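S.K.: Use the sequences and the hints to build the structure in full.
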Amino acid sequence: MTLKLHKLIPLTLFTASMSLAAAEQPTSLSLNDIMHFETLKQPVISDNGKTIAVEAMPDRGDSRALINIVESKKQFVIAGGSDVKLNSQGSFAIATLNPTLLEKKTLKKSELHSGLALFNTETAEQQNFEKVKHAEFSQDGLFLAIWFEVEEAEGDEDKDAPSINEKDIGSAIKLIQLADNSSHDFDNVTQFSFDRVGKNFVVAINDIKTNQHLIKKVNLTNNTLKQVFKNIDSQVGELSLSDDGQWLAFTQGDAKVERDEREYQLSLLNLTTFKLKETPLDDDWTLNQYSKVFFSEDSLRLFIGRVPQVDKVVSLAEIESEADLYDTSVVTGLRNLKVWHGDDPKIKPHEVKQYSKEQQRTYLSVLHVKANRIVQLADEAIPDVQYGEQQRYLLATSDVPYQKMITWAGFYQDVYLVDLNTGRKLQLLTQHPSNEMPTLSPNARFVAYYQQGQLFMYDIAGVRRHTISKDISVSFANEDHDYPGNAPSYGFGSWLADGSGIIAYDKYDIWQFNSSSFDGFMLSKGEGRKTKTQLRIEGQYEDGDVPAVVTQDQSLLIHGYNETTKADSLYSATVGVSSLTELVDSNAKLKILARSKNADTIVYSKERYDLFPDLYTASVNSPNDAVKQTDLDKQRDGFDWASAELVQWSDADGRKTDGVLIKPTHYQEGKQYPVMVYFYRFMSDRLHSFPHMAINHRPNFAWYADNGYAIFLPDIRFEVGYPGASAVKGLTSGVQKLIDMGIADPDAVGIQGHSWGGYQTAFAVTQTNIFKAAVTGAPVSNMTSAYSGIRHGSGLARQFQYETGQSRIAESLFQSPQKYIENSPVFYAERIQTPMMIMFGDKDDAVPWEQGVELYLAMRRTGKDVVFLQYEDEPHHLKKYPNKLDYTIRMKQYFDHYLKGADAPKWLEKGEAYKEYK
Numbered sequence: 001m002t003l004k005l006h007k008l009i010p011l012t013l014f015t016a017s018m019s020l021a022a023a024e025q026p027t028s029l030s031l032n033d034i035m036h037f038e039t040l041k042q043p044v045i046s047d048n049g050k051t052i053a054v055e056a057m058p059d060r061g062d063s064r065a066l067i068n069i070v071e072s073k074k075q076f077v078i079a080g081g082s083d084v085k086l087n088s089q090g091s092f093a094i095a096t097l098n099p100t101l102l103e104k105k106t107l108k109k110s111e112l113h114s115g116l117a118l119f120n121t122e123t124a125e126q127q128n129f130e131k132v133k134h135a136e137f138s139q140d141g142l143f144l145a146i147w148f149e150v151e152e153a154e155g156d157e158d159k160d161a162p163s164i165n166e167k168d169i170g171s172a173i174k175l176i177q178l179a180d181n182s183s184h185d186f187d188n189v190t191q192f193s194f195d196r197v198g199k200n201f202v203v204a205i206n207d208i209k210t211n212q213h214l215i216k217k218v219n220l221t222n223n224t225l226k227q228v229f230k231n232i233d234s235q236v237g238e239l240s241l242s243d244d245g246q247w248l249a250f251t252q253g254d255a256k257v258e259r260d261e262r263e264y265q266l267s268l269l270n271l272t273t274f275k276l277k278e279t280p281l282d283d284d285w286t287l288n289q290y291s292k293v294f295f296s297e298d299s300l301r302l303f304i305g306r307v308p309q310v311d312k313v314v315s316l317a318e319i320e321s322e323a324d325l326y327d328t329s330v331v332t333g334l335r336n337l338k339v340w341h342g343d344d345p346k347i348k349p350h351e352v353k354q355y356s357k358e359q360q361r362t363y364l365s366v367l368h369v370k371a372n373r374i375v376q377l378a379d380e381a382i383p384d385v386q387y388g389e390q391q392r393y394l395l396a397t398s399d400v401p402y403q404k405m406i407t408w409a410g411f412y413q414d415v416y417l418v419d420l421n422t423g424r425k426l427q428l429l430t431q432h433p434s435n436e437m438p439t440l441s442p443n444a445r446f447v448a449y450y451q452q453g454q455l456f457m458y459d460i461a462g463v464r465r466h467t468i469s470k471d472i473s474v475s476f477a478n479e480d481h482d483y484p485g486n487a488p489s490y491g492f493g494s495w496l497a498d499g500s501g502i503i504a505y506d507k508y509d510i511w512q513f514n515s516s517s518f519d520g521f522m523l524s525k526g527e528g529r530k531t532k533t534q535l536r537i538e539g540q541y542e543d544g545d546v547p548a549v550v551t552q553d554q555s556l557l558i559h560g561y562n563e564t565t566k567a568d569s570l571y572s573a574t575v576g577v578s579s580l581t582e583l584v585d586s587n588a589k590l591k592i593l594a595r596s597k598n599a600d601t602i603v604y605s606k607e608r609y610d611l612f613p614d615l616y617t618a619s620v621n622s623p624n625d626a627v628k629q630t631d632l633d634k635q636r637d638g639f640d641w642a643s644a645e646l647v648q649w650s651d652a653d654g655r656k657t658d659g660v661l662i663k664p665t666h667y668q669e670g671k672q673y674p675v676m677v678y679f680y681r682f683m684s685d686r687l688h689s690f691p692h693m694a695i696n697h698r699p700n701f702a703w704y705a706d707n708g709y710a711i712f713l714p715d716i717r718f719e720v721g722y723p724g725a726s727a728v729k730g731l732t733s734g735v736q737k738l739i740d741m742g743i744a745d746p747d748a749v750g751i752q753g754h755s756w757g758g759y760q761t762a763f764a765v766t767q768t769n770i771f772k773a774a775v776t777g778a779p780v781s782n783m784t785s786a787y788s789g790i791r792h793g794s795g796l797a798r799q800f801q802y803e804t805g806q807s808r809i810a811e812s813l814f815q816s817p818q819k820y821i822e823n824s825p826v827f828y829a830e831r832i833q834t835p836m837m838i839m840f841g842d843k844d845d846a847v848p849w850e851q852g853v854e855l856y857l858a859m860r861r862t863g864k865d866v867v868f869l870q871y872e873d874e875p876h877h878l879k880k881y882p883n884k885l886d887y888t889i890r891m892k893q894y895f896d897h898y899l900k901g902a903d904a905p906k907w908l909e910k911g912e913a914y915k916e917y918k
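Residue numbers (my numbering): 1 to 918.
Check the hints yourself; a few may be wrong.
[Stated by the list, open to error] Between beta-carbon pairs, the in silico distance windows are:
no., residue 1, residue 2, range
1, Q427, P162, 34 to 42 Å
2, V314, K131, 56 to 64 Å
3, F814, N598, 57 to 65 Å
4, D553, S816, 30 to 38 Å
5, Q391, S816, 47 to 55 Å
6, I739, K404, 19 to 27 Å
7, I821, D747, 30 to 38 Å
8, Q427, V314, 52 to 60 Å
9, A477, T574, 25 to 33 Å
None of these hints come from the bench; they were simulated from the model. This structure is a prediction, so every number in the text was calculated from the model and none was measured. Quick reminder that beta carbons are idealized off the backbone N, C-alpha and C, glycines included.
M.R.: Here it is, written out as structure tokens:
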């Protein structure tokens with residue numbers, strides 16, 4: 001016998017190789033994976049462009065704040081951090097520390113408090129502060145103000161003492177000088193303010209119990225403290241500092257008067273002499289608790305919100321005696337009644353929803369500081385003034401004449417030019433669409449606007465309107481507009497800083513118009529239309545209320561979206577020159593997300609279906625030399641990931657149509673797959689979009705693809721008057737294309753839509769049997785009843801949606817009842833052969849949830865296969881995570897049963913009996 005010797009593999013090596021092989025095997029994507037998958041929120045960048053920060057937020061769980069040093073790519077993490085902000089130099093970051101998800105689910109509301117993390121990016125030191133309600137860096141980034149929550153009252157408080165409005169109760173503030181961590185501490189602070197240039201900081205200290213009403217100022221240049229105002233009777237309200245360091249404006253009112261009835265006065269304190277300057281009084285206007293004050297950047301004008309009067313608080317009658325029981329005025333004073341009048345400007349639900357906003361409405365006025373003269377700019381007839389830094393004129397609007405017709409006609413306003421010196425108003429436009437706001441030049445000499453397909457420029461001094469697009473053959477109206485009414489514009493870009501011209505857009509190209517000759521040229525040299533690339537200026541720094549401007553010969557970053565490839569590119573152009581130079585050509589989606597204030601650094605993301613939108617930094621002039629700053633794409637490691645491709649076909653009317661096909665992760669050529677159709681209107685621009693990794697009211701594309709589904713996102717183009725039939729044409733032709741390609745199993749095509757997509761889903765299955773299962777979320781099923789329904793979120797009537805908006809009927813129910821019937825799924829319930837699951841939240845704030853009931857009852861009465869999921873106390877989109885997760889699971893079970901032959905779950909087979917829980 002020969003003994004054969006075998007070389008033994010060490011057990012540790014064998015185990016390691018087995019582990020490596022196992023690790024290399026891709027795992028299936030689970031709902032738990034989706035819950036933990038992080039998404040990046042809007043990033044911020046320091047003014048000097050040296051530091052960026054962003055919140056990474058999982059679908060369920062606790063966020064973390066990521067802070068990156070741009071040049072070194074060194075990254076710091078604040079665990080639990082959200083709403084991250086940077087100081088101007090990027091040397092410090094702050095992030096809110098919210099209670100953990102577990103704490104939110106296990107502790108009482110009174111036990112939950114937010115904190116603040118202060119992080120030094122140079123030393124990596126972190127300080128945490130508890131019970132913080134707000135924090136703010138000074139504009140120059142050298143100081144941080146931390147405002148803490150109001151301390152809870154002690155148990156021995158005088159219960160008979162008069163109650164104090166919570167907004168009159170102050171709390172502690174800590175002002176930290178970041179260089180040395182020294183601080184000033186203040187108690188009972190009800191308001192604070194930095195100026196915009198780093199000179200001064202002020203706090204309003206109000207303690208009604210001790211009659212202490214003070215204003216203290218910190219000189220931020222030398223970090224010295226001074227009390228500048230004291231009064232024992234007047235509650236200090238709003239504060240504003242002028243940037244020239246000369247003035248402090250504030251409001252004050254009698255502390256003994258209830259806050260809701262308190263009248264305030266304007267005070268102006270000279271910060272050199274510390275003397276109050278007497279300001280003009282006006283018998284017709286006063287100030288209340290909502291009156292804001294703020295200086296213009298040049299410190300020459302103080303803007304003030306005023307009201308005609310401060311109303312007394314209205315109280316309900318009370319029954320206090322035997323006689324009151326039978327007093328008709330007392331008894332009827334306890335009624336619960338809303339009177340709907342046919343001539344009300346707003347219908348009652350809208351009036352109710354707007355009530356709080358209207359109670360807080362003030363009307364803008366301006367105090368010319370040197371002349372000490374107040375000019376009222378807005379009033380009840382023309383209530384809205386668009387603030388700007390222009391010195392002579394501002395734009396104002398009024399929707400007052402059109403509030404009644406909002407119900408059926410949509411939103412309009414009159415547009416005025418208001419003189420800051422006199423308050424005189426010149427009406428420029430009448431019944432102008434509210435979504436087409438004109439734009440005022442920085443020097444307040446010209447107004448540019450769009451109207452009925454043309455661009456206009458109004459010369460204020462010359463009192464003349466010029467049609468600046470009259471000799472241009474291309475359209476400035478939206479070429480894809482498929483709604484009733486006139487097409488909107490593609491919008492204006494920036495003005496030149498000196499007012500000498502303005503940027504405007506057609507569908508593809510960028511134009512520059514001159515305000516002297518009133519002619520224009522194509523800044524992008526016609527390359528946009530030639531290549532079907534939509535070109536837009538991006539990468540500009542946006543600063544609050546002041547729109548970005550450009551200067552002659554300035555280099556611009558241009559973002560391009562190609563309609564053919566659905567991919568983005570970046571270009572450069574020059575103001576005043578007809579030219580375009582390509583900088584970045586990508587097979588991806590690029591989003592410009594932030595621009596530093598004092599440097600040329602931009603932050604952008606790059607994504608595809610199979611590439612997470614991580615952040616990159618680059619110079620605005622050379623985005624091709626980008627540096628990757630985050631690496632959340634590694635979350636896909638260990639998973640197979642599908643890819644997306646463009647599909648093109650001709651619809652029933654012969655129109656070329658696009659859609660996105662996401663193939664299953666383990667796709668095999670020649671094999672047919674179950675298909676999930678998800679859609680709304682235009683979907684093909686999502687070809688290069690990373691899937692939204694969340695559990696919500698939509699199917700999660702990555703999850704379905706990993707479970708053997710193909711996902712199809714077709715474009716839908718609508719014909720006015722026939723929205724239902726338009727959807728059917730687009731859907732059926734697109735699905736047939738997938739069948740012809742050999743990808744779709746013709747007996748396993750499902751459809752899911754929500755809201756407008758839910759309506760189209762419900763209608764489609766009344767006209768075709770191509771779908772084998774349908775899930776419709778929050779659909780309109782009966783346009784005749786939905787027409788006069790209420791959008792409970794806004795209180796608006798739904799009539800305008802049908803006559804002028806998304807539902808695209810273009811006539812009233814009374815003018816064309818047959819169109820409403822023809823486009824309503826409920827009237828064709830007998831035709832439905834497709835099993836349907838309907839989902840609604842019974843507090844839907846957009847579509848009356850009874851629309852779901854109507855569809856369910858119609859299908860139930862006609863003996864159709866239907867199930868209805870009613871999620872309690874939920875709005876139009878599910879908000880409560882248990883409900884979102886439950887719907888996600890049930891939707892998948894539903895499609896798995898009808899499209900893949902899986903066993904029906906008990907709830908689908910037999911329903912669920914009503915139960916009440918303790």
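S.K.: Confirm or reject each hint.
M.R.: Hint-by-hint comparison with the structure:
| no. | hint | in the structure |
| --- | --- | --- |
| 1 | Q427 - P162: 34 to 42 Å | violated, 49 Å |
| 2 | V314 - K131: 56 to 64 Å | violated, 36 Å |
| 3 | F814 - N598: 57 to 65 Å | holds, 60 Å |
| 4 | D553 - S816: 30 to 38 Å | violated, 56 Å |
| 5 | Q391 - S816: 47 to 55 Å | holds, 52 Å |
| 6 | I739 - K404: 19 to 27 Å | violated, 51 Å |
| 7 | I821 - D747: 30 to 38 Å | holds, 32 Å |
| 8 | Q427 - V314: 52 to 60 Å | violated, 36 Å |
| 9 | A477 - T574: 25 to 33 Å | holds, 28 Å |
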